[in-house]
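Line by line, the protein sequences give chains A and B.
For the first sequence, the residue numbers in my numbering are 1 to 363.
For the second sequence, the residue numbers in my numbering are 1 to 363.
Take these hints with a grain of salt, some might be off.
Put simply, identical chains are the same to the list, so a pair is met inside one copy or across any two.
[Claimed, not checked] Quick list of in silico lysine to any residue cross-link-like pairs, SDA-like style, CA-CA up to 25 Å: (1) Lys239 with Thr14; (2) Lys306 with Arg39; (3) Lys239 with Arg99; (4) Lys322 with Arg46; (5) Lys239 with Gly217; (6) Lys239 with Pro310; (7) Lys330 with Gly64; (8) Lys306 with Leu212; (9) Lys239 with Arg13; (10) Lys306 with Arg236; (11) Lys306 with Glu238; (12) Lys330 with Leu35; (13) Lys330 with Ser63; (14) Lys239 with Phe161; (15) Lys239 with Asp7.
In short, the hints are calculated from the structure, not lab data.
Protein chains: 2
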Amino acid sequence: MATARLDLAIGGRTCPVLVGDGLAGRLGELLRDQLGADRALVAMDRAVASLHGRRIRRGFRGSGVRVLGWVEVPRGEGAKSLARARALYRAFLEAGVDRWTPVVVVGGGVTGDVVGYAASTFMRGVPVVQVPTTVLAQVDSSVGGKTGVNLDRVKNLIGSFHQPRLVVSDPEFLATLSARDYRAGLVEAVKVAITLRPDLLERMEANLPSLLAREPGLLAGVVAACVAAKGELAARDEKDEDVRGILNYGHTVGHALEASRLGRLRHGEAVAVGMNAAAWVGERLGVASEEVGRRQNRLLTRLGLKLTAPDADKNVIVRNLKLDKKVRAKRNRFVLTLQIGGASVWPHISDRVLRDAVRVVTS
Amino acid sequence: MATARLDLAIGGRTCPVLVGDGLAGRLGELLRDQLGADRALVAMDRAVASLHGRRIRRGFRGSGVRVLGWVEVPRGEGAKSLARARALYRAFLEAGVDRWTPVVVVGGGVTGDVVGYAASTFMRGVPVVQVPTTVLAQVDSSVGGKTGVNLDRVKNLIGSFHQPRLVVSDPEFLATLSARDYRAGLVEAVKVAITLRPDLLERMEANLPSLLAREPGLLAGVVAACVAAKGELAARDEKDEDVRGILNYGHTVGHALEASRLGRLRHGEAVAVGMNAAAWVGERLGVASEEVGRRQNRLLTRLGLKLTAPDADKNVIVRNLKLDKKVRAKRNRFVLTLQIGGASVWPHISDRVLRDAVRVVTS
Numbered sequence: 001m002a003t004a005r006l007d008l009a010i011g012g013r014t015c016p017v018l019v020g021d022g023l024a025g026r027l028g029e030l031l032r033d034q035l036g037a038d039r040a041l042v043a044m045d046r047a048v049a050s051l052h053g054r055r056i057r058r059g060f061r062g063s064g065v066r067v068l069g070w071v072e073v074p075r076g077e078g079a080k081s082l083a084r085a086r087a088l089y090r091a092f093l094e095a096g097v098d099r100w101t102p103v104v105v106v107g108g109g110v111t112g113d114v115v116g117y118a119a120s121t122f123m124r125g126v127p128v129v130q131v132p133t134t135v136l137a138q139v140d141s142s143v144g145g146k147t148g149v150n151l152d153r154v155k156n157l158i159g160s161f162h163q164p165r166l167v168v169s170d171p172e173f174l175a176t177l178s179a180r181d182y183r184a185g186l187v188e189a190v191k192v193a194i195t196l197r198p199d200l201l202e203r204m205e206a207n208l209p210s211l212l213a214r215e216p217g218l219l220a221g222v223v224a225a226c227v228a229a230k231g232e233l234a235a236r237d238e239k240d241e242d243v244r245g246i247l248n249y250g251h252t253v254g255h256a257l258e259a260s261r262l263g264r265l266r267h268g269e270a271v272a273v274g275m276n277a278a279a280w281v282g283e284r285l286g287v288a289s290e291e292v293g294r295r296q297n298r299l300l301t302r303l304g305l306k307l308t309a310p311d312a313d314k315n316v317i318v319r320n321l322k323l324d325k326k327v328r329a330k331r332n333r334f335v336l337t338l339q340i341g342g343a344s345v346w347p348h349i350s351d352r353v354l355r356d357a358v359r360v361v362t363s
Numbered sequence: 001m002a003t004a005r006l007d008l009a010i011g012g013r014t015c016p017v018l019v020g021d022g023l024a025g026r027l028g029e030l031l032r033d034q035l036g037a038d039r040a041l042v043a044m045d046r047a048v049a050s051l052h053g054r055r056i057r058r059g060f061r062g063s064g065v066r067v068l069g070w071v072e073v074p075r076g077e078g079a080k081s082l083a084r085a086r087a088l089y090r091a092f093l094e095a096g097v098d099r100w101t102p103v104v105v106v107g108g109g110v111t112g113d114v115v116g117y118a119a120s121t122f123m124r125g126v127p128v129v130q131v132p133t134t135v136l137a138q139v140d141s142s143v144g145g146k147t148g149v150n151l152d153r154v155k156n157l158i159g160s161f162h163q164p165r166l167v168v169s170d171p172e173f174l175a176t177l178s179a180r181d182y183r184a185g186l187v188e189a190v191k192v193a194i195t196l197r198p199d200l201l202e203r204m205e206a207n208l209p210s211l212l213a214r215e216p217g218l219l220a221g222v223v224a225a226c227v228a229a230k231g232e233l234a235a236r237d238e239k240d241e242d243v244r245g246i247l248n249y250g251h252t253v254g255h256a257l258e259a260s261r262l263g264r265l266r267h268g269e270a271v272a273v274g275m276n277a278a279a280w281v282g283e284r285l286g287v288a289s290e291e292v293g294r295r296q297n298r299l300l301t302r303l304g305l306k307l308t309a310p311d312a313d314k315n316v317i318v319r320n321l322k323l324d325k326k327v328r329a330k331r332n333r334f335v336l337t338l339q340i341g342g343a344s345v346w347p348h349i350s351d352r353v354l355r356d357a358v359r360v361v362t363s
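Please model the complete structure; the sequences and the hints are all you need to start from.
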C-alpha cells in the first residue's frame, strides 16, 4: 500500500501527516528526512511497547538518529495527570532533551495527550512527533495540537495547543487493538462523517464488513479523510474559538458521562451516547433533519456501540456539564448537526433541554 | 502625567501596553474598555496586596467588572513551582474562571511567571492581564509572553509562550520597592540599553540622580523604551528561536549564578555579574569594543550593583551552565555585544572561555 501524505498548515507551521502500512518500522529515517533530526527521545505506551517495541526500536538502527532515552507511560485515563507530566519532565531532563530534540510519542489518545502536554511545557515547548497507535488517536487526537491532563476529575482541565511537527499513522497498529477499543475508536470517525463529510459516511455505511475486518486500505482512507477534515477546521481556528468547536459534537454530554464513569467507559463509547443526546436535542428543538439521528444511530449500532448508558448517574452527569470548558458565562454552547455534513455551534441551549437529553440517554 | 500607549503585535494578536501614573487604581475600567470584560480573577503578590490592595480593589468598584476571586501568591523564587501552579488551577476552578475570563496578575517577575504559566495551561489558556509592580517586571518580564516555573532547581525549565492581552504599568508601584529591588530591577534596562538602544543608555547615564530618585516621568520613559525594544524583537521572533535571544545578554552566566545562590541574589544582581562576564568574553575573543564593558560596568556600578560574586561556588555555576536552555547539542550559544546597541547571538563559545569568564567574575 502506498503512503498517503497530507500537509496541515496550522498555527504558522506545516505538519506532514503520513499514513501507510509499515511506517512505524521506519521512524528513524522519517525523523531524519522530515525534520533533519539526529537525536530524539521516544515515549511509548507500556502495552504498545510490549507488542510493537522491537519493531519501533529496529526502525532507529542505522538511521543516524540517536535515541537519547526510551520512556514508558502507563495506560489508562489515570496517566493523564500532572504527576505523570512531572515524571516526564524529569525523564526529559535526565536524557538530555534540549529545545531542538523531538519527543516521539507512540501510543493512543491518553499517551499523546499527556506526553504532548509535557513536551509542550518543557523548556516552553520541544518538537513533538505523534505516532498514534489507536483508531481514536489516528483519526482524531494526534492531529490539531490539543494536549491535556485531568485535574480533580475534570477532564483536560489543564492543557495547551502545541502542534506536532510530524504525524506518522500506521494501520498495522490497529490490528492488535481489542475489539472494544477498535469499535470505540471508530466513533470519532462517525462523528466527522456526520458533522462534516457525507461522502465518508456513505463509504463507512457501504463497507461495514471490511471496516469491521480492519481492512488496511479502507482504514487508511478513513484515517486520511478524518485528518483532512479536522486539519481544515484547525487551520481556520487553531485555538478553538469558533468553527473548530464543531469537533465537539457529542462531546458535551459525552465528556460529562465519561467523567461520571471514569475508567469504566471508553471515550468513544461515551461520545456515542453523547451523539445520540445531541441528535435528540436537534430534533427536540425542531432544527435538525431526522435523517441525522437515524443514520448516525444506525451506523453506531451496527458498529456494536450502545446509544444509552442506563447505569450512569444522571445527576452526576448534569453536575459535570457545568464544568464543561464550552460553558461561557453560564451559557451552554452546544454543537448541533442540522443535516448530514452540516453542523454548527449553537451559542446556547437551555439547562432544561440539556437535562432532558441526559435523562433520555440514561434511561 | 499622560498615559503612554504601545501596541505590541506578537503572535497574531495585538497587546496594548499602557504606562502611566495611577493606572493601577483604574483596572476595572481598563479591563472593560480594552477587553470588553465583565468579569475577572485577580491574583496578587501577597506583599503587594498589603501595600496596594485597597487601591486595586477600589479600582473595580462601579466599573461593571465583577471580580470572581482574589488570590494571593507568596513572594520569592520558591513560589515558581508546579505545586503553586496546581494551587492556582484549583483557585481558578473554584472561582468559576472560564476560557473567556481574564486573569489579572498584580506583582513582580515571580508572580507574573507563575500565574502567567498557570493561566496559559488552564483550559489550554485563558486571557492574562499583567500589572507589573517591580522595575524588572515593568521593563522586561511582563511583556513578550514568556511564563515559567522552576523544577529541581532548574530555573524556568517548565513554561510556555502565552501573550498577555493587556499590560498596565504604573510607576506608582515603584515608589514602595526596597532600594535593593529597585536597583536590581534597573539591570534589565541597562541590558536593553547596551544591547539595543544607545539613546536609552545616554538617557540613563545623563539622568542618574533622577533615576535613583525614582522620578516618575523619567521612569515611564525608561519603561516605554524597554517595552518597545523588547516588543520589536518578540514580534519578529515570538518563540525565541533567533533574534529574541539577544535579550539573554548576561543571562547565561547570570542564570547559572542565580541558581547557585537561590534566594540569596536578586535576578538583576546575578545578571549584572553575568553582563560583566559577557563583556569580558567579548573582549577576550577580540570581537567587542572596549567601550561596551566600560560604559556598561560604570553605569551598573553607579547604580550600586556589584560586578562580581566572590562568595559563589564557581564549580556549581559551571555545572549549572550545562543545563542552560540555550545549549544546543552541546554547543554554547552566547550573546555578545560588539558595540553599544549592536548585540548578536553567537552559535558557540568554547567551554574553556566560559569557564574562564566564570572564574573572572567569581574571584
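Copy assignment of Lys239 with Phe161, given that the CA separation must stay at most 25 Å: Classified as both; 7 Å inside a copy, 14 Å across copies.
Quick one: Lys239 to Thr14, C-alpha cut-off 25 Å, is that within a copy, between copies, both, or neither? both (16 Å within a copy, 16 Å between copies)
Is it within, between, both, or neither for Lys306 and Arg39, if the alpha carbons may be no more than 25 Å apart? neither (45 Å within a copy, 41 Å between copies)
Measure nothing new, just compare the shortest in-copy and cross-copy C-alpha distances for Lys306 and Leu212 to 25 Å and report within, between, both or neither. Within one copy only: 16 Å inside, 72 Å across.
At most 25 Å between CA atoms: does that hold for Lys306 and Glu238 within a copy, between copies, both, or neither? Classified as neither: same-chain Cα gap 32 Å, cross-chain 47 Å, threshold 25 Å.
Classify it for me, Lys239 with Gly217: is the Cα-Cα distance of at most 25 Å met within a copy, between copies, both or neither? The answer is neither: 32 Å in one copy and 39 Å across copies each exceed 25 Å.
Which holds for Lys239 with Arg13 at a C-alpha limit of 25 Å: within a copy, between copies, both or neither? both (14 Å within a copy, 13 Å between copies)
Treating 25 Å as the Cα threshold, decide for Lys330 and Gly64: within, between, both or neither. For Lys330 and Gly64, only the inter-copy Cα distance (18 Å) is at most 25 Å; the intra-copy one is 54 Å.
When no copy is named, should Lys239 and Pro310 be tagged within, between, both, or neither for a Cα gap of at most 25 Å? neither (35 Å within a copy, 49 Å between copies)
Between Lys322 and Arg46, at a C-alpha cutoff of 25 Å, which is it: within one copy, between copies, both, or neither? Close neither inside one copy (34 Å) nor across copies (31 Å); limit 25 Å.
Please sort Lys306 with Arg236 into within, between, both or neither, judging by C-alpha distance up to 25 Å. neither (33 Å within a copy, 52 Å between copies)
One pair to classify: Lys330 and Ser63, alpha carbons no more than 25 Å apart. Within, between, both, or neither? For Lys330 and Ser63, the Cα distance is within 25 Å only across copies (21 Å; inside one copy 54 Å).
Of the numbered hints given earlier, the model fails hints 2, 4, 5, 6, 10 and 11; all others are met.
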